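Chains A and B supply the protein sequences, listed in that same order. Residue numbers for the first sequence follow my numbering, so the first one is 1 and each next one is one higher. Residue numbers for the second sequence follow my numbering, so the first one is 1001 and each next one is one higher.
Honestly, the hints are just simulated from the structure, not real lab data. One or more hints might be untrue.
Claimed, not checked - Computed list of lysine to aspartate or glutamate pairs in DMTMM-like fashion (alpha-carbon distance at most 20 Å, straight line):
# : chain 1 : residue 1 : chain 2 : residue 2
1 : B       : Lys-1193  : A       : Asp-73
2 : A       : Lys-146   : A       : Asp-68
3 : A       : Lys-235   : A       : Asp-253
4 : B       : Lys-1198  : B       : Glu-1105
5 : A       : Lys-235   : A       : Asp-147
6 : B       : Lys-1206  : B       : Glu-1265
7 : B       : Lys-1193  : B       : Asp-1073
8 : A       : Lys-85    : B       : Glu-1271
9 : A       : Lys-85    : B       : Asp-1020
Everything numeric in this text was worked out from a predicted model, so none of it was measured.
Residue-level listing of the chains:
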Amino acid sequence: MIFNDFGMDTASLAGSLESKLAAVRRAGFAQVMIAAGDVVGHPAGIDAGVRAVRASGLRVTGLEALRDFEGLDARLHAYKVDVAKSMLEVCSAIGGRMLIVEASTSTHAAAEPGAIVRDLRTLAILAIPLGIRIAFKGVSWSRTVKDFVAAGDLVLRADCPNLGLAIDAFDVLAADVPLTDLDAIDPEQVFLVQLSDYMWQEIRSSEEQATTATHFRVFPGEGAHSDGLADFITKLDEIGYCGDYSFDVYNDDYLQMPPETVAARAQRAAEWLGETVLRRALPIPNVERLRRATRG
Amino acid sequence: MTNPLDREAVPESQNPLGIDGIEFIEFATSKPQAMGGVLETMGFRPIARHRSREVELYRQGPMNIIVNAQPADVPRTVQPSERPIISAFAIRVRDADAAYRRALELGAWEIPVRAKAMELNIPAIHGVGESLIYFVDRYDEFSIYDIDFRAIPKVDPHPPASGGLHFFGIVQYIGADRTADWVEFYSQIFGFKPLPDKVRFGIMPKGLLLQSPCHGFYLQLIEPDDPARYAPSEEHLQRVGFGTPDVLATVAMLESRGIEFVSSERVQTNERGALTKPTLGSVMFELVHDEPAGAAARR
């Protein structure tokens, strides 16, 4: 069975890029989110990394992640534009159509929305000739863009056709964001939804949230918030979201396990989601576009 | 972007860069003589050669076409091959350097300064696919060709245009669902405006038309047809459109020189326009009814 809507993330897996891709493929997935370090850090060089992704037969969900891009002063901004251009080129080389951009957590970044909007526009325009979409994501420990509501507001103001949102379920669950907040979001504006759960019942501080987010995430269905996650996905389906779901599971334990074992857990998560939450069991080619076309 | 004053009439510059038409269009090919032959049949004359590179300048009336056979040394630019490809176009602006710096600030990709495709000291950015867009501000008394090109002896440097031909626009093939992206790109960086669907020129009505802020030329964005929609598709500059005040007379004149025009159920020469059959594997031109004076007056 192939789960067209769901993809894994190379950052969830240990091993070489090739063995990660093979594990994702063997688990039945058709797409994969690529952590930039896996390509540029390939021991045989970036060209070998690019070839490995292209030879995998997997569709690239996107490249992650450009961080601390927006709101910087002129000199830092010029530096970050170079970083962004380099990541866009890598994204294009691996056949990716989306770059994940995480809201700045830098204390050097301006919090003024006008500056953030201007920088997001520049980034989106840079991505246009390469055919890449920018998925901007709130980060709960960012000073300015903590969640998808704040990110969505900036995206709306920047008003660029290839600029949209990535929504991370972890942030929604951990910060107890009310699902009704999704009602204000235009589903066309949501380019990607990232899914993960975690084991603790509750998170007590923003430090704990940051640590949990980067080390202790688990796949959907494995954690303590299956019901919340199911409600979140059902709500996204209701508002008409029809893009990809990517498992962004960062877990130190998983990095000490064989990639096949971790991919098998991801496979169970996709089955759980597809058959119980979304009932999307039948794979249809180009399912995203077809659904978009029928919605018309 | 929503104008904060969109309920009141506040005049703003419609043409922030002072755009004033197309200075030249460049084709890249490893068979420059074959391309030159096609251009000569279309009424162009070779008038100058680049001093150090395999680059030739053709001209008729107000139009300059550059044929470039020099292997490219910049990533993401056209590598000359047997099939000629439109590799660049140059936009006339008030201040090329200012236009270029503004474009970079807005998110354009610069071309490395020392590796300019023609060694011309003119700034350029990446356009669609592997094409480039140049900014040129010296086009009145003193031209960019005076420095880098050597005139071909005993040749009229200003051959008249046959049939009143002038640049009308460029057709750009783009990927599925990419129209909005390219509209954003051209309106942000250059001030192009999308035209309503009912405004059409010529006989090839597909896609979306963008009008230059000088009203002197057009870009036509065309997405793939439905069956081809979801196949991965390349984006590129597909063909050049020439304006002519009398399409039928110009077609008759070009046919007498051996140019063939498409005549099918869907595409037929008429007084609104015509389309040449592809030659050299990829080169085609479109004729569109347009008065040269009209192009000037619209500016």
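Hints the structure violates: just list their numbers, smallest first.
Violated: hints 1, 3, 4, 7, 8 and 9.
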